[in-house]
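For reference, the chains in residue letters:
Protein chains: 2
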Amino acid sequence: MEDSQPRFLKACRLEPVDRTPVWFMRQAGRYMEEYRRLRRRYGMLELCRNPELAAEVTLQPIRRFEPDAAIIFADILLPLPPLGVEFEFAAGEGPRIHRPLRDPADVARLRPVVPEESLGFVMEALRLVRAELDPRIALIGFAGAPFTLASYMIEGGHSRHFLATKRLMYEEPDAWRNLMSVLTRTTVDYLRAQAAAGAQALQLFDSWVGALDPDDYREFVMPYSAGVFRSLEDLGIPLIHFGTGTAGFLELIREAGGSVIGVDWRVPLDEAWRRVGHDRAIQGNLDPLALMAPRPILKGKVEAVLDRAAGRPGHVFNLGHGFLPETPVDNVSAVIDWVRGYR
Amino acid sequence: MEDSQPRFLKACRLEPVDRTPVWFMRQAGRYMEEYRRLRRRYGMLELCRNPELAAEVTLQPIRRFEPDAAIIFADILLPLPPLGVEFEFAAGEGPRIHRPLRDPADVARLRPVVPEESLGFVMEALRLVRAELDPRIALIGFAGAPFTLASYMIEGGHSRHFLATKRLMYEEPDAWRNLMSVLTRTTVDYLRAQAAAGAQALQLFDSWVGALDPDDYREFVMPYSAGVFRSLEDLGIPLIHFGTGTAGFLELIREAGGSVIGVDWRVPLDEAWRRVGHDRAIQGNLDPLALMAPRPILKGKVEAVLDRAAGRPGHVFNLGHGFLPETPVDNVSAVIDWVRGYR
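If you read the sequences in order, they're chains V and W. Take the first sequence: its position 83, counted from the start at 1, is 1212 in the numbering used here, and no numbers get skipped. Take the second sequence: its position 101, counted from the start at 1, is 1230 in the numbering used here, and no numbers get skipped.
Any given hint could turn out to be false.
One copy or two, it doesn't matter: identical chains are merged, so the pair holds either way.
Once the Cα atoms are required to be at most 20 Å apart in a straight line, the calculated EDC-like pairs of lysine to aspartate or glutamate come out as [what the hints assert, rightly or not]:
id	residue 1	residue 2
1	Lys-1428	Glu-1162
2	Lys-1428	Glu-1455
3	Lys-1428	Glu-1195
4	Lys-1428	Glu-1284
5	Lys-1428	Glu-1181
6	Lys-1428	Asp-1363
Everything labelled a hint here was simulated from the structure, so no lab data went into it.
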């Protein structure tokens, strides 16, 4: 009975597994020919909003690589339009928010989101995937963390210095707290809906939180991320907390919550795990750019991550951030094989 | 006699000082009206290549703020043209290298640099500044570290993922080692020439080294940065080693060398110093974006940095990276006043 549990979920719960589970952030995406073929016919948001297509894209890497988990194909910005913030993907440039938030009035205009209604296509895609998925493969739902969503909404897209975000945070603390509260509530409801639709684990992406100093993280962000995790605890499923650039304050990331802590490639996994504490599982942390390296170098890097995990229960092999579109598909297969064959 | 030593130099040597010395990375620059006035008449590289103008720009923040150190006004890419790699500053976009390095043949074409000749204007500017500078204010020379220079030369400008850099590093290790050796030699000669021209401390900027995983840093970068520091040790002057995104491998930054370690704002200063070791001085680490905050927040952040240094000899107050052009000048004065008045 226990053995029929996906090994990914067992590892998240710090239970012993037959081998280290592996999946990849952005494992469905442009580096795959199957995906590019669909993208020639459909826009990014069209794919996300059509449950059959989103399910199909979610399953593409499962068919090809058989990783230990599927992550629902979606974009972290999908909750923005229901909040009243429209955006699009400009060709090759990432998201463009039409009217970025800049003042308290913009924050006050945000609308409450009922994910089962306005984001129902994500839940439908989850149900479709779960129905098709091998029971040994876990299904992961996810959402952007309040800070990362806020930074997109304020900056209007990718940002280098997060100047507008920090300005609002410092100069309009009430508006900031309102915004973070709205995003916390939205994220909680969205993730709970995903769990109800079949997600067996939930990942919170706080991709850009490494722009902050530790004091700002503690004061302006941690209470909200912690609120998300606290509100999901009763679900009893693994909660993954991922950020990049967090090597300076991993202790605070742990304190904010998550039963699994995802770390980027800039910190040695053993050192990160020691600081996070071995009572939490850890996910990571191969440099996605290592996939561009010749096989012997790539293999050495995969083994270095596994060596640092030292066979301790609770390691989920993953990247330290998502795949780049330039990633050679064959190298992805090779990484999976090496993780499987390790030891 | 000993008391006539600039307090900046004493702090770098871990000697007790009457108060924490302070200077700022990019303290001469676009946030100052005096600088913008000159930039309306001269291009960035014109300013750098004219010793009188470079000296004038170097002294602008000294006159206005009286920080404890002046850093020579120059660009870290100045050694590129003598190496045979031409570039320009595209309006508002940072540097554009005309023909980025992409293969071993490009590396083989690099020319040896004699800094006293092709970069003589920097040395002349140093002499002019030193002649005008109050003896209590130290003069700092600087250069880009081999990795950061290499990444600009390969990427052609700013980069988000450093894909081309890592590709060359992984796929053409011999060319990479040749390139890093050339840059190490160039950097050493350039910094020695600056010391001979009056620089009393030297800072190595490895601004983008935080893109690497710790293993790559150790294998592909550390030997060269260490080579720079080793070759400068006999000068007997403080050597500052600065990088951003290094919170995951501060121990390696220390190991590479430098009597003063500069850290960015993403790690608490006390924690960073503990990891670096209290036998080294530490420089940092206010978030440059904190200068955009209202005064009470900014003051709290300045004091938090000073509190973490705990009055221990060897702290040089600075930013965690350079000022942004949007920085309000009055806030810079306020920070200086708070550092001076602390305790």
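Going down the list of hints, with the structure as the test:
1. Lys-1428 / Glu-1162: neither (24 Å within a copy, 53 Å between copies)
2. Lys-1428 / Glu-1455: Classified as within; 18 Å inside a copy, 45 Å across copies.
3. Lys-1428 / Glu-1195: Answer is within: at 19 Å inside a copy they meet the 20 Å cutoff, but 53 Å across does not.
4. Lys-1428 / Glu-1284: neither (38 Å within a copy, 25 Å between copies)
5. Lys-1428 / Glu-1181: neither (36 Å within a copy, 54 Å between copies)
6. Lys-1428 / Asp-1363: Neither: 40 Å inside a copy, 41 Å across copies.
Hint check: violations occur at hints 1, 4, 5 and 6; the rest are consistent with the structure.
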